[in-house]
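These protein sequences, in sequence, are chains A and B. The first sequence begins at 1 in the working numbering and counts up by one. The second sequence begins at 1001 in the working numbering and counts up by one.
Derived by calculation from the structure, the hints in this document are not laboratory data. Wrong hints could be hidden among the right ones.
When the alpha-carbon atoms are kept at most 20 Å apart in a straight line, the in silico EDC-like pairs for lysine to aspartate or glutamate are as follows [unchecked claim]:
id, chain 1, residue 1, chain 2, residue 2
1, B, 1149, A, 271
2, B, 1055, B, 1022
3, B, 1166, A, 31
4, B, 1055, B, 1158
5, B, 1006, A, 311
6, A, 46, B, 1181
7, A, 220, B, 1016
8, B, 1006, A, 258
9, A, 221, B, 1152
10, B, 1180, A, 17
11, B, 1062, A, 29
12, A, 46, B, 1173
13, B, 1166, A, 311
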Amino acid sequence: MPKNISASENISKIKREQAALYVFNALTEPERINFETALKSSPALKTLVDELESTLSLTADPLEYTPSDIELQGQRNLLRGRLEQIITQGNKGFKSPAWSAAGRYLTPLFSLRQPALVVSCIIIAFAVGTFVDFKPLSTPAAETYSSADIVELIESGTLSNITLEETDKNNGGIRLAAEKTQNLNVSGGLSDESIQKVLFYLLLNDANPGKRLRAVELLKKSPPGNDKKLVLISSVLSDSNSGIRLKALHQLGTFEIDKTIREAALKVLLEDENEAVRMGALAILANSPTQDIIPALRVVNLMDDNQYIRDRAGEILSEMEDLAAADRIEASN
Amino acid sequence: MKSETKILIIEAQAGDANAFHDLVAMFDGKIMTLAYQLTQNKQDAEDLYQEAFIKAYKNISKFRFQSEFYTWLYRITINTFYNMKRKLSKYHFQEPDIKGTNDPVSHLSDESHNPQNAHEIQSAVKNAAQNLPLKQRTAFMLKHMQNLKIREIANIMDIGEGTVKKYLFRAMEKLRDELKEYQYA
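Work out the full structure, taking the sequences as your base and the hints as a guide.
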């Protein structure tokens, strides 16, 4: 039989409120101590708390819900389809809100970067520019344009709305499409030097972060080379979008770590405002530890805003010291 | 926030749809549970899940790492739920799902006349929860079912902590009143 609840009706509103928060465990420590003192001396308050606790326990099971994996997978598939539709619509004409918002959010980040870093980027980008001289496509397109023509058309603004499509995932075939007075389509493989150079150009120059991201993703499948390395370094040091910087950095990690990559990684580690990008740079340095990175690691170990990065820098330093000690023992033997 | 989550968010912000789907897979169990607790109906919960994640996708660039990612998703889910309710004339919310209530002979069993019958209690609790005003229901679900702190609830609902406490108090008063018949069941 339910207890008589009228006993609690004479309790003040403040006490009733405290009783509700008490059963939710939402009182502060002093409030809880005071309330429990009052509880001991008031049977009506005790009855109210019992009723509230009973109500809470009554509601727990009927309101509990745990979706099954199958249900969630079905919803994920549906969501994937709906988002693909949204993305396709975005590519067909209007700019998707996500992109325009990303642009608004990410652009100010660039201005926060260190001036020294920006100067280095410009120098590296200039150096890269000297390598990017375009030769005719090895696989001619239906319309006979040389890649030099294409880049010239992009630079002059004659071509717009450039899109990249992967036509052969296994062999790295891509199609580049752009809007002109007439449509222009160029096909080729990712190993084609001229196609790579168009991708380099887009990664370093296109204002749309989506296209820069597509370019960096496609470059992942192209063969490694010095030009590619320099373009990726330039992107890591200069792109305003941290996601693109991170992707470029991951690709740099697949190269043999030389002095140029190490110096770029050190700059990123010391100056990039994004923690994930700094972590990526630290991973590159950890894979190729040399004595010249020790001062920077010490600074990071003490000064980085992120606890994980500080700790990881400390671990790398310790590992380096252990290796050095082991080498000394081996040499003395 | 885990670094893995952070990296996925950054990649999603750069337009990587696969990274966004990885984030969905990390958090959608919580979101579906919350959606069901708010709507008390599976069909509506699924609609809310879809709309909330589409909104999250469109707005992910606005996420600035100032809160946990799931808190941000909760806020989107709750705001989407409020919008859906506001468009009630266009968007018809279903009655709460009550197990066994569709059974045409269930009322004939002797058990169903017992006020402590599990189905009856379940039905009463769900109706009582549905009858709570939206903000009281939200605060109650976030506190009681999701075990969040008052500060987190205030952040998600974009209100003061004192207001959250008021909502919880009022929700408890109403539930106690509506369910007094079943107390100590």
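The hints, checked one at a time:
The straight-line distance between the Cα atoms of residue 1149 of chain B and residue 271 of chain A is roughly 36 Å, outside the 20 Å bound, and the hint therefore fails. With a C-alpha separation of about 16 Å, the suggested pairing of residue 1055 of chain B with residue 1022 of chain B holds against the 20 Å cut-off. Restraint check: the Cα-Cα separation between residue 1166 of chain B and residue 31 of chain A comes to about 16 Å, which is no more than 20 Å; the hinted pair holds. The suggested pairing of residue 1055 of chain B with residue 1158 of chain B holds, with an alpha-carbon distance near 18 Å, which does not exceed 20 Å.
Restraint check: the Cα-Cα separation between residue 1006 of chain B and residue 311 of chain A comes to about 18 Å, which is no more than 20 Å; the hinted pair holds. The straight-line distance between the Cα atoms of residue 46 of chain A and residue 1181 of chain B is roughly 19 Å, inside the 20 Å bound, and the hint therefore holds. Note on residue 220 of chain A and residue 1016 of chain B: the hinted pairing holds, with a Cα-Cα distance of about 15 Å set against a maximum of 20 Å. Taking the CA atoms of residue 1006 of chain B and residue 258 of chain A, the gap is about 28 Å. The hint is violated against a cut of 20 Å.
Taking the CA atoms of residue 221 of chain A and residue 1152 of chain B, the gap is near 44 Å; set against the 20 Å cutoff, the hint is violated. A threshold of 20 Å between alpha carbons decides the hint, and for residue 1180 of chain B with residue 17 of chain A the separation of about 18 Å falls inside it, so the pair holds. Simply put, residue 1062 of chain B and residue 29 of chain A have alpha-carbon atoms about 37 Å apart, too far for the 20 Å limit, and the pair is violated. With a C-alpha separation of about 15 Å, the suggested pair residue 46 of chain A and residue 1173 of chain B falls inside the 20 Å cut-off, and the hint holds.
As the CA atoms of residue 1166 of chain B and residue 311 of chain A are separated by approximately 43 Å, the hinted pair breaks the 20 Å bound.
Of the numbered hints stated above, those contradicted by the structure are hints 1, 8, 9, 11 and 13, listed in ascending order.
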